[in-house]
Every structure is written in structure tokens, then in C-alpha cells.
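Peer 1: In the order they appear, the protein sequences are chains A and B.
Quick note on my numbering: the first sequence kicks off at 1 and runs consecutively.
Quick note on my numbering: the second sequence kicks off at 1 and runs consecutively.
Misleading hints may appear alongside valid ones.
As the list claims (entries may be wrong) - Reference excerpt, derived from the structure (chain A facing chain B, CB under 8 Å, subset only): (1) Met1; (2) Phe3; (3) Ile18; (4) Ser22; (5) Asp56; (6) His66.
Claimed, not checked - Residues from chain A shown here face chain B by an in silico Cβ test under 7 Å; the list is partial: (7) Leu39; (8) Ser60; (9) Gly63; (10) Ile64.
Stated by the list, open to error - Straight-line alpha carbon distances no greater than 25 Å define the calculated DSS-like cross-link-like pairs of lysine-lysine that follow: (11) Lys297(B) / Lys23(A); (12) Lys26(A) / Lys362(B); (13) Lys67(B) / Lys217(B); (14) Lys137(B) / Lys21(A); (15) Lys137(B) / Lys25(A); (16) Lys25(A) / Lys216(B); (17) Lys64(B) / Lys306(B); (18) Lys26(A) / Lys64(B); (19) Lys67(B) / Lys258(B); (20) Lys7(B) / Lys137(B); (21) Lys362(B) / Lys67(B).
Quick caveat, the hints were computed from the structure, so don't treat them as lab data.
We put the beta carbon where it would ideally sit given N, CA and C, even for glycine.
Residues per chain, in single letters:
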Amino acid sequence: MIFYVVLISGISIYEIRIMIKSKLKKEMVLFIAFDIIALSLAWIYSKNPYGISISDSILSMLGIKH
Amino acid sequence: MLASKDKISIKQAMLIFITIVYSPSLRLVLVAGAKEAKQAAWLAPIITLFFIIPIILILHRIYKKYKEASFFEIIEDIFGTAVGKTVMVLLIIFLTFQLVIIIYNYADKFVSTAYTQYNQLIFVVVMLFTVAYINRKSGISVLARMCEILSAVIVFVFLFLAILSLKEVKISNITPISYLDIFPAFKANLIIMSNWSYLIYIFLLSNYINNKEKIKKVCSLTILLLAFITIILLVTGIGILGASTIELSPVPYITMVKQISAFGFIERLEAFVLSLWIFSDFVAISILIFIVFNLLKSLFKFSDTKSLIGIYSVILFFMVMMFGRNTFEVQALGFSLYVPLNIIFVYLMPVLVLVVGMIRKKV
Chain A
1 MIFYVVLISG
11 ISIYEIRIMI
21 KSKLKKEMVL
31 FIAFDIIALS
41 LAWIYSKNPY
51 GISISDSILS
61 MLGIKH
Chain B
1 MLASKDKISI
11 KQAMLIFITI
21 VYSPSLRLVL
31 VAGAKEAKQA
41 AWLAPIITLF
51 FIIPIILILH
61 RIYKKYKEAS
71 FFEIIEDIFG
81 TAVGKTVMVL
91 LIIFLTFQLV
101 IIIYNYADKF
111 VSTAYTQYNQ
121 LIFVVVMLFT
131 VAYINRKSGI
141 SVLARMCEIL
151 SAVIVFVFLF
161 LAILSLKEVK
171 ISNITPISYL
181 DIFPAFKANL
191 IIMSNWSYLI
201 YIFLLSNYIN
211 NKEKIKKVCS
221 LTILLLAFIT
231 IILLVTGIGI
241 LGASTIELSP
251 VPYITMVKQI
261 SAFGFIERLE
271 AFVLSLWIFS
281 DFVAISILIF
291 IVFNLLKSLF
301 KFSDTKSLIG
311 IYSVILFFMV
321 MMFGRNTFEV
331 QALGFSLYVP
341 LNIIFVYLMP
351 VLVLVVGMIR
361 KKV
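Put together the whole structure using the sequences plus the hints.
Peer 2: Have a look at this one:
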């Protein structure tokens, strides 16, 4: 998890600095939303790297046999 | 053929389309064709033509009126802002899932063929990093110029391999054909329809495409060429290996290419085919990311979206890694949910735009 947090933080610091310089405020809001999604996915993935399956969850949810 | 710096010509757009459909055709169309229609699978592309040609005519009609508009602007003008924004959000979510499936299939192809001892993660990271870097540094025109050369190489290599493998085709594997094969061939046609839906996706970048008055001619010729190539693929694939073998093989085209040997020195050509596959996947992923960012740009009226590519690639990475525990789960999701949704969503959209546009006297 630490590696993923460092990676996402690194990308965020680099890009946000560019966005501040270019005055891209609206873009920054979406960037922060993407940041939160990325961190959440990193947390879920690091909890159980080989056990989660989005495909299986969707198919089970819709009752499709597979 | 070259267009202005940030724009591409309709010919270049179609060369991108040919490059993109190469990989899923070899991997999915062959398997689905053999599974659904057995020896009659080669009839499926002919059925698909009856669906895609009217869509080309519809696109021609729409873009005759909206020459320079982006797809979002057209939807917004015809349906209104609320519907326009809802369609865009749905498209962004749908395309993100499509990207995840493409990246998963790309990595899985390597792990199940040439690099069985490697982790999928390596291939996903390398691809996403390359795509993010190139998308950040260059635009669609660079990709279009790459495709001008490589689409020609792809078509040449494919036809060359097809000619070499023709002598191995067993006629008994692709016959007999009767009127009873129409329904199975129709089912096989669905996967081809889903595959060719990239043609409509490319028009989500319509604001980057020049000389759209040639849509009817250029797109029709491209689709006829593609139909011919797909028929050859199904005839050689099923004709050599047989439908039952193809159904059980994860990458039957590679199995088929491994059997090719000519003049005593032309053999082991699968490495070359795999390298073209990487390029095809790379273009597909790059273009879909470009489309997603074009939609985001239109939706939120952004001036620059390049800063978002890095973090979006990280999101894609985690989604791919959690997308399926094995190929069968992803294939099940693809065939039972993604293909029907893709057909309904993508093929219905231009029809609805035309019908509502005509009612509102805008098209």
C-alpha cells in the first residue's frame, strides 16, 4: 500500500504544480476526484490482490451463470 | 493524406480503425465465430455488412449538417443539454470498462502464449506507461501517421500468412452450408458487430477529423476490405484447425501461424504476429483514452486534459488487476454483457440522433 500511496502522491504533486502554474482550476477538481478513486482502488487491491474480481461481482450481481 | 497538425483526415481515421480491429479480430472473432456458427462462421461478416452500411449512411447524413462539430455538440444540439451530458457520462464509464477489458486481454494474451511464467502486472504497467507518455507528449496526428504505415504492414502480413496457409485449409471444415446456418451465423455476427463498433467510436473524435464529406465512400470501402479480411480469417482459421479445436484454444490464430512453414525457411512467424498485436492494442488503448479525454474536455469545458492522463492510467491499472481472477470470467462478462450492451449502445446512438434530428428538423 505504501508504494501505491507514494506513486499516487508523486504523480499528484507533479501534475498539480503544473495545473497551478497554468491556472487549470476546473481540471484540478477532477484530478482530485481521480486521486480519491485511485487511492480507494489501491487500498482495496492491496487488501486482497488475487481475491477480488470485478467481472465475477458484476456477473453474480446480474445473476448470469459463468 | 496528411491533415493539419491537430487534425486527421477521414482516410487516416479509417487506417486507425483497421489497426485497432486487428487484435480483437484475431483473438475474439475467430473463437466466437467457431463457437457460435461452426463451419458457417465465414458467412457472419456478410451479415454484419447489412448492419454497418446503414450506420455509415446515417453518419454521412449527420455530418453533412454538422461538419465541424464534436459528437457531444451534436447530441447536445439534438437532444438538449441534460440528455447530452447524461449520454457523455455513460459513454465515459462504458469506455473506461472497455479500456479495462482491452488491457486485460492484451496482457492475458502474452501470459497465455509466449510468456507463461511472467506476471500480468508487468505487461499492464509497461503498456499503460507507454500510452500515458505518448498521449501526453503527442496528439492524435502522430498516432494517425504511425497507423498509415503499420496498417499497411498488418494487412500485408495477414494476407501473406493467409496465402501460405491456404493449402492447409480442409474444405470439409467450412462446409456444408445450408439455410439452417443463418441463425448461428447471425449469432457469430454479433461479436463482429461489436468489434466493428470502433468505427462509430472513432466518430466521437469527429472534431479532430477533416473532410467528413467523404465518409460514405471511405468508410464503405474500409468496411468492405475488412469484411473480406474477416472472411479470409474465418476460412483459414476454421478451415485449418476446425471449429472444435478453435473453441478450446485461448489464442487459435497463434496455433495456426505456428503450423505455417514454407520454402523450408519461412517458419516460426508467431513472434512477428505477436508484435503486430502489441501495436494494435497500443493504438486501441491510446485512441480510447484520447476519446475519453475528448469527452471529458467537452463535458466540463476543460482547456487542457493532458495532466489527467497519469492518474487515469493508475485507475485503469488497479481496475485491470482486479478485473478477473482468470480469462474465463472476463470472457463470460464480455460475451454475455459487454457485447450486447456495446451493440445496443453504439449502433442505436446514430440511429436515435438521426431520427430525433429529423423530427426536430435539425438533420
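Peer 1: Within a Cα-Cα threshold of 25 Å, do lysine 64(B) and lysine 306(B) meet the stated pairing?
Peer 2: 31 Å, violated
Peer 1: Can the hint on leucine 39(A) be confirmed by a CB-to-CB distance to chain B that is less than 7 Å?
Peer 2: Violated: closest Cβ of chain B sits about 9 Å from leucine 39(A), beyond 7 Å.
Peer 1: Lysine 67(B) and lysine 217(B) were given as a pair; does the straight-line alpha-carbon distance stay at or below 25 Å?
Peer 2: 16 Å, holds
Peer 1: For the hint on histidine 66(A), does the least C-beta distance to chain B fall short of 8 Å?
Peer 2: 4 Å, holds
Peer 1: Using Cβ atoms only, decide whether methionine 1(A) comes closer than 8 Å to chain B, and label the hint accordingly.
Peer 2: 12 Å, violated
Peer 1: Tell me if the straight-line CA distance from lysine 297(B) to lysine 23(A) falls inside 25 Å.
Peer 2: Distance of about 16 Å is within 25 Å: holds.
Peer 1: Verify the proposed pairing of lysine 137(B) with lysine 21(A), using a straight-line Cα cut of 25 Å.
Peer 2: Cα-Cα ~18 Å, so holds.
Peer 1: Quick one, are lysine 67(B) and lysine 258(B) close enough, alpha carbons at most 25 Å?
Peer 2: 47 Å, violated
Peer 1: Going straight from one Cα to the other, do lysine 7(B) and lysine 137(B) come out at no more than 25 Å?
Peer 2: 16 Å, holds
Peer 1: A closest beta-carbon separation below 8 Å is what the hint needs, so does phenylalanine 3(A) meet it against chain B?
Peer 2: Nearest chain B Cβ about 12 Å off; hint violated.
Peer 1: Is the Cα-Cα distance between lysine 26(A) and lysine 64(B) 25 Å or less?
Peer 2: The hint is violated at about 33 Å.
Peer 1: So, as I understand it, the hint says glycine 63(A) touches chain B; can you test that by seeing if any CB pair is closer than 7 Å?
Peer 2: Hint violated; glycine 63(A) Cβ to chain B Cβ min 11 Å, cut 7 Å.
Violated hints, listed in ascending order, are 1, 2, 7, 8, 9, 12, 16, 17, 18 and 19; each of the other numbered hints is respected by the structure.
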